[in-house]
Amino acid sequence: MKILVPCKRVPDPDQKLRLKADGSNIDDAAVSFILNPFDAIAVEEALRIREVAHPDAEIVAVGICPGEGEAELRTALAMGADRALQVEHDGMLDPWNVARLLTAVIEREQPGLVLMGKQAVDDDSNQTGQFLAALLGWPQATFASQLEFIDGGLRVHRETDLGIEVICLTLPAVVTADLRLNEPRYASLPSILRAKKKSIEHTTPAELGVVLEHRVQLLSMEAVNNQRQCEQVSNVANLLAKLREAEVIEK
Amino acid sequence: MNGELSREIFGNLDDTSRNFFYVLALVSCAVFAWGVWWRMRLWRRGRPDSEHIDWSNAFHNICTRVLAQRTLRRSRPAASFAHRMLFWGFIGLFIGTILVGLEHYGSAALGREVTTPLFHKGTYFVIYEITMDTFGLLMIGAAVWFARRRMRADSSMEHRTPDWLVLGLLITLGVTGYFIEGLRIIRENTPMPGISFVGFGCSKVFVAAGVGKTNVDSIHFGLWWFHSMSAFAFIAALPFCRLAHAIAGVLSLATIPRPLGHMEPIPMEEVEKTGEVGAGRLEQFTRHELLRLDACVSCGRCEDMCPAYEAGKPLSPRDLVQDLRGHMETPQPGALHGETISAETLWSCTTCNACNDICPLGVRPVDYITEMRRHLIGEGELRGAPATSLQKMQRSGNPWGLPSQDRLGWADGLGVPTVKDNPGFDVLYWVGCSAAYDRRVMKVARAVAQLLQWAEVNFAVLGTEERCTGESARRMGDEFLFQELATSNIETFSSHDVKKILTHCPHCLNSLRQDYPQFDGQYEVTHHTQFLAELVAAGKLKATTVMNEKVTYHDPCYLARVNGITEPPRTLLPQNLEEMPRHGCQTACCGAGGGRMWFDDPASERIGTGRVTEALTTGAQTVAVSCPFCLTMMTDGITAKDSEVKVCDVAELMMDENG
Amino acid sequence: MKALVLMEHDGAALRRGSGAALGFARAITEDVTVLVLGEGIAAMTAEAAKFAPALAADNAALADPVADRWAHVIAEVVRTHKAELVVATATTWAKDIVGRAAGLLGGAMASDVIGHELKEGELRLRRPMFAGAIIATITLKGSPQIITVRSSVYDIPEPAATPFAIKAVAVDVAALPNDMEFEGIDRRIDERPDVTEARIVVSGGRAFKSSEDYERLVGSLADRLGAATGSSRALVDAGITPNSLQVGQTGKIVAPDLYLALGISGAVQHLAGMKNSRVIAAINQDSDAPIFEFSDFGLIGDVYEEVPRLIEQLNSSQ
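Chains E, B and X supply the protein sequences, listed in that same order.
Read left to right, the first sequence gives residues 1 to 251 (the working numbering).
Read left to right, the second sequence gives residues 1001 to 1659 (the working numbering).
Read left to right, the third sequence gives residues 2001 to 2318 (the working numbering).
Keep in mind the hints are simulated off the structure, nothing from the lab.
In this text, all values refer to a predicted model and were calculated from it rather than measured experimentally.
Warning: the hint list may mix true and false statements.
Taking lysine-lysine and the DSBU-like style, the derived pairs with C-alpha atoms no more than 30 Å apart in a straight line are [as the list claims (entries may be wrong)]:
1) E/Lys-20 x B/Lys-1273
2) E/Lys-198 x B/Lys-1273
3) B/Lys-1443 x X/Lys-2209
4) E/Lys-197 x B/Lys-1273
5) E/Lys-197 x E/Lys-2
6) B/Lys-1443 x B/Lys-1641
7) E/Lys-242 x X/Lys-2252
8) X/Lys-2252 x B/Lys-1641
9) B/Lys-1420 x E/Lys-16
10) B/Lys-1646 x B/Lys-1443
11) E/Lys-20 x X/Lys-2119
Make the full structure from the sequences, and use the hints.
Following this line, the structure appears as structure tokens:
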């Protein structure tokens, strides 16, 4: 079976991000990028499916990114994906267009399963997987914390606010990975070197026949916490007042 | 014998016997050679070593380590003494036999009669006989001591049934040798028989038992053959039993293993070509490494020293080496990883080098572990917190993934100059990740910086340009992450023309001293205790000579054992230092090295708890340390035992005297 | 602007947080309708109707909250109702089901909205990015606009004196997709949220001397705030808390909106686990504790005294 894993290139959440002077976007200059951690979990799950249930599975990593974005796809290859496809596009792309591009890729690749992270740690939208499933008309299992193959499809445990929900769905399907699905393997530099031999195909939105229709327009950004300046409070009443002011506790 | 003080060689043996003797000698030597060749074939399955053998060094090593038995000095005094007696006794007797051979064949070659010996006569003969008899006693005595220890079976030494054969042969050879001597004395009426005092004693006993001119020849003949057969059996069996260490061990000790704390680099091109890194199969070890597997006699000294073993981890350096050896010998072995050696075993090691240090045969368990770790990392087999730490090191330049922009936060308000502020600095103070981010360790860096300022040292720090040395990444097996970090730091050093480096972290010290030169990073690296000791000696700072409470000092593995630095920290501490039993080069690991700091262990299973107990047992109120890892581990360990004992860096203890 | 608010329920009752979606919709337009889906939802629809005219899609085929069917029905209702604004409270239910519905409706969606502004004729929305380190202001292009809002930000409106009308929604069962099946749910009724997912984490350190004390103080405070509990390594080592609660480099990495560090000293290993929290507040007896250098708010005091006071204050202000 073929498993498609969309992989997003995101800024490393450990670094301090700076905004451009005009507040229009983050300052890309000194930013280092990584493979979206939730997508790494998805890659890992695909690898485990291959190791345990489907030894013949082909794992294809798909990224939508500019030329330099190959590095993150190489990480997926280093972890064990077989090949990668890069859709060249520079700049932010809202979930709608990502889903439409992925739909075009999926029509070409015809995978039996799409495994992706539940959200990207830059925009935190948590929409792309659901949009993709809707556009494809495929069943979806979001926030998956456990995945198993059963007769006729998949049984998925999902992390929800109310508890662990168990659903069954037929294949092909879209599954989005939650944090507790697995712990991704460490793709060390030697495996990245070896992965250089694996192929990365390149294409463009035009080649896929997709005209981008922007749904989200970014107007401005503001930074929230840059440096923590510990404000001492004298008693719990004041502490609560401060926390309510910061909107982290309900009023 | 013509009044000469000598004895007949090969007396009582006719030509047939002698020829038969030679044939058997040839056979046993052939078996011996075959045995050695068979083992060498196993070693040659490894890949060639990058190091060429330095013959003069090899000679020197054989003299000191083998002949003088120096490597036995440091542990198990009784057994070490017994082994020396056994070894020197045996070697002495062996040389004696060679000398007799020389005499015999030399004489014959020169056409001399057996009655006119070449040199085996006179004063030489007297000394010879006394010496041989003495050596014989040493050898038998030692063998008996070993046999008794074996019967008690109370040490970590591994006992195998064929070992009885070895001890039996040694004792047999020794005893029958004396018997033959005694019989020869009776037979030949050797002048001054008392010089062969043991043989002489035997002859007296034999005579009393009724041996005389009538039966001595046949008894002597019989016993002589028994002795010879035993000797041939000994020679033939040598490569096949524990005695093989005589060959592999000598080769191991002769070829210089790398200094402690040294690791071989892997060229990236090689990985790109083969797609493999580290030791995934036995053949990926070097020939010298495989040879060393045969040098191991399973004595268990390494196991006794291993902190992981002490903490109940599934790692015994001896078992690891023996398992690898078994794997090497088995024609169709299973997989090296998983079947022969488990990943858990490999990850348990702190690379404290106690095993590498103590092995009397030059075996290096840590080297096998790091080579196999390289393979695990290359295959992506590391998961969880330690893998995340490696990832953070790569991405953020520190193991916690904290922002690199914050690396100078520790120096707030101290006016510490960066290399940009003070480009004309003499020495670079390498702060390291712990002091940059761990609030407790920051106080150590602040103390060091202030002491340097008070002593008016012309120093600077790299500030935000500093990235992790990569030491723990390398010991965890991530060679390329290490190389990436090292080359980045070396570039930074070059851009600021760094020549001298001062660091308070022994792991950084070792890496800068031993790892970085492999990538053209050559610097004069000093530990802060050395540097501060020099300042104290020069009168620029004062050491804390008196403290009104007991202090003990915990030697860091990478400072004391790996780099031999034990005195400078002690000169900075009070004279009434309470030493722990395992101190100096014999120090016991705190448990954080080898990347273990990044692993998650429940408190009860943590490596180093034994050391914490040892520190508390001294009754000291303060434990002095000189390593940020030790500081963290000892503090956590002591707090976990609900103790109020303080843990401080040596530099912190100097603050009051100098502030 | 016609707004349709999707009311979430757990099968028995409406979820309290759904009120925030109502509050948001009300802040933008008068024309608000609510939609409830499920089976046997008469009581819940009546409850919802106290706030706005209600649509009820009550059908056996919708007995369980299965994404493909529910999203299909929601999209249908949005189209027939000609809603321009679709709102729900940002919960896992909304992300899953409303997200899919948005995919069927053109994908003009903004999630986790924490503020808005009507400016120059357009609806500007504020939402967190980069785990809350950045707040972005965006607008959506296209119609309908589908928005999920954070429950803590908008107030639940007051119920009206007289309830509004309820209309049934016809469900074309034959047209419903049938590729998903709900098997069951392991309800986390008595359990607290997971520490890696919770909005608020109340974490305890070495100051707590026993499991009972930890439960009594940290546990109660967490329950009062609907928060998850966490702990430092010291407590796990001491056997006071289980390993699953450990926050830190070798434990869990968390990024809640609020991390309350109670009696935690703040060693770097712990910091590595919670440094991305939006707000860090600490209570510690030791004024020198490193945690204060890394918090937004600090209170120097004994947790055994301050935590009960905190709980009391929260209770009295209810």
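So, going through the hints one by one against the coordinates:
A hinted pair counts as satisfied when its Cα atoms are at most 30 Å apart, and E/Lys-20 with B/Lys-1273 does not qualify at roughly 44 Å. For the given pair, E/Lys-198 sits about 14 Å from B/Lys-1273 by alpha-carbon distance, which is consistent with the 30 Å threshold. Distance restraint check for B/Lys-1443 and X/Lys-2209: the Cα-Cα separation of roughly 28 Å lies within the 30 Å cut-off, and the hinted pair is therefore satisfied. Between E/Lys-197 and B/Lys-1273 the CA atoms are separated by roughly 11 Å; this keeps the pair inside 30 Å, and the hint holds.
Distance check on the hinted pair: E/Lys-197 and E/Lys-2 sit about 20 Å apart at the alpha-carbon level, within 30 Å; holds. In summary, the hint linking B/Lys-1443 to B/Lys-1641 is supported, as the alpha carbons are separated by about 23 Å, within the 30 Å threshold. A hinted pair counts as satisfied when its Cα atoms are at most 30 Å apart, and E/Lys-242 with X/Lys-2252 qualifies at roughly 27 Å. Restraint check for X/Lys-2252 and B/Lys-1641: satisfied, since their Cα atoms lie roughly 25 Å apart, inside the 30 Å limit.
Only pairs whose Cα atoms come within 30 Å are accepted, and B/Lys-1420 paired with E/Lys-16 is accepted, the gap being roughly 23 Å. A threshold of 30 Å between alpha carbons decides the hint, and for B/Lys-1646 with B/Lys-1443 the separation of about 14 Å falls inside it, so the pair holds. Under the criterion of a C-alpha separation no larger than 30 Å, the hint pairing E/Lys-20 with X/Lys-2119 is consistent with the structure, at around 23 Å.
Checked against the numbered hints above, the structure violates only hint 1.
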